[in-house]
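So the protein sequences, as listed, match chains Z and G.
Take the first sequence: its letters are residues 4 to 393, numbered as in this note's numbering.
Take the second sequence: its letters are residues 2 to 213, numbered as in this note's numbering.
Since the hints were derived computationally from the structure, they do not count as laboratory data.
Values in this document were obtained by computation on a predicted structure and should not be read as measured data.
All residues carry an ideal CB built from backbone N, CA and C; glycine is no exception.
Any given hint could turn out to be false.
To give a feel for the contact side, a few chain Z residues facing chain G, derived at Cβ under 10 Å [to be verified]:
1) Ile-81
2) Gly-124
3) Glu-134
4) Arg-137
5) Ala-139
6) Phe-140
7) Arg-141
8) Ala-148
9) Arg-190
10) Phe-193
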Amino acid sequence: MKLAALSGALGLAVFSAARAAAPPPLPPVPYDAGPEAFVGRLATDPPANRVLNQMEIGARAFWRADYATAKPALDDAIARIDSVFAADANAAKARKLWYDEGSKDFKGEPYERAMAFLYRGLIYLHEADYENARAAFRRGLMQDAFAEEDQNRSDFALLLFLDAWASHLNGDTDLRDETLVQLKKLRPSFGGIGEKDDTLVLAETGLAPRKLGDGAAHAFFVYRRGKPIAENQVQVMTGAAAIQAYPMEDLFYQASTRGGREIDKILAGKAQFKATTGGVGSFLADTTVALSSNSSAFSANGQYGDAVAAVGVLSGVFLIVSSNSRPQADVRAWSSLPDTLHVLTLGLGGRPAKLTARFLKTGVPVEGADKPIACATDANRKQLCLVRAH
Amino acid sequence: MRIPLPLIGLAAVLGVAAAPAAAAPKLKPQGSATVYRDTTTSDGVRGVGTESQDIVSMSDAMFRDLLNVPELMNRPTPPRIIVDPKYFRNESSEIIDKALITDRIRVNLLRAAGGRMRFIGREYAGAVEEERALKDAGKVDVGTTGRTRAQAGADYRLVGRIGTRDAIDTRTGTTSRFSQYTFELLDMEYGEIIWSNLYEFKKENRDDVVYR
């Protein structure tokens with residue numbers, strides 16, 4: 004029996020060493036915090052989290068108008084999103100029995116990849132490089148296309164709108180109008196872009212979609228809307244007048260319309276294997292109990308009893324294998340994203356805009372003063388005005 | 002010798018356990034020192050976008066072709082040409098610095114043409130204007146090449162377009178991109194296109210299943 008116990012312990016130790024799970028999640032960083040915490044994590048986190056950290060740095064620096072920090076971070080994230088991991092060792096590991104889904108290199112879910120291109124495109128807009136801005140928005144659309152079933156492909160309306168806006172600023176009215184036709188199919192109520200519009204107001208409300216592990220052993224994850232959602236509408240105040248910004252994109256919708264199809268598919272294989280292994284383990288465990296209870300009947304000199312113990316150890320090891328091969332879903336998420344994005348275009352004739360934003364929840368203004376909207380004028384006297392509720 | 006059953010169990014357990022442990026790849030990513038690579042070789046980081054070898058190949062193909070345009074090479078007075086990215090439009094999904102291509106064409110063309118073409122640096126017109134204003138104001142002398150009434154006008158300008166068509170198969174995770182670079186030489190007085198050429202390529206890849 005001692006040998007049996009020893010073998011069990013050894014089995015546990017070897018299996019523990021063989022398994023490389025995702026590192027424990029780091030404490031959350033406040034939604035409105037700057038990029039500093041993630042700059043630190045770039046050095047300390049495993050390389051598998053690099054894209055996630057760069058996304059966080061990019062967005063958080065972007066919202067602080069620190070484009071010098073945001074630009075290289077987003078470029079790095081995009082380069083890694085773009086690179087093909089067909090022969091990547093970490094991707095191979097993530098497919099293996101012994102590794103968690105979360106141990107793979109993070110590339111983000113399609114809505115996260117799309118947002119990386121979106122922020123990069125906005126920086127190109129800020130630099131008056133409208134063509135590369137448009138290219139970035141189009142690349143974001145392609146990321147979204149990865150996610151969707153046929154009827155939902157590339158339905159990221161905000162990226163379509165920004166594509167049209169970049170064409171508008173570049174003077175490519177034909178391209179703008181072509182894109183607006185597509186956008187009209189997704190957002191029939193959107194009024195379009197005025198010929199003399201030269202200012203874009205982009206407002207973010209709410210908190211990022213959440214990924215929550217679900218199912219047995221958190222084998223898959225589900226999306227939940229960020230909480231709390233204190234506001235879902237924006238009024239842009241131009242002096243005394245208030246203009247409602249158009250809610251162009253619901254990021255939670257973008258995240259959750261996949262329905263976890265691909266992830267389920269990937270995890271289905273693991274889950275199925277796990278169920279089988281678990282079943283075998285359970286069966287052997289039950290047999291052990293059954294044989295143990297009858298061992299005296301079979302045992303002449305205790306040998307059968309020892310044999311039963313060995314089977315028990317073996318079944319225990321299979322249970323360890325099973326628990327170690329849990330296909331824990333990858334719930335790493337870009338935490339600084341919003342819930343909803345609103346847009347408004349204005350024709351200000353190149354005059355500097357003095358705008359404020361009033362946030363509302365279903366028509367009722369939320370508490371607190373109006374927020375100033377930060378406007379920057381580019382080399383062509385076009386303005387990009389940004390505000391977020393949190 | 003009779004081997005006790007528990008030992009057989011232990012051996013079986015260790016055997017099962019050791020196999021995957023031995024097969025597991027190294028966990029630490031291996032770094033590598035920076036190395037120079039031939040610009041005409043494909044990038045180590047592969048995507049479906051334009052790589053350095055594409056830029057080198059297309060700009061080399063274009064400047065060689067331009068050297069065979071009679072309107073440029075057989076003129077008693079060398080024609081003046083603008084080769085810069087301003088009217089080389091990027092309408093594609095490719096984020097690219099267009100000047101990488103136009104600079105390479107201009108530099109190679111200038112060096113190969115042997116004075117049979119003149120190149121106008123229109124993107125530096127502001128710098129020229131600044132200097133001319135200083136000379137006009139008498140704050141600097143006229144230099145050694147003398148004054149002209151105005152900056153040089155151009156006979157031809159390189160124009161063009163970058164276009165792409167992207168396709169994705171969501172079932173297999175396959176991405177493909179067809180890229181087409183159109184180069185044209187525009188007569189800046191009459192509007193005629195006196196030369197055209199295309200550079201096109203199509204790339205396809207498939208990401209790992211865990212990223213689909």
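Hint by hint, work out which the structure violates, then give me just those numbers in ascending order. 9 and 10
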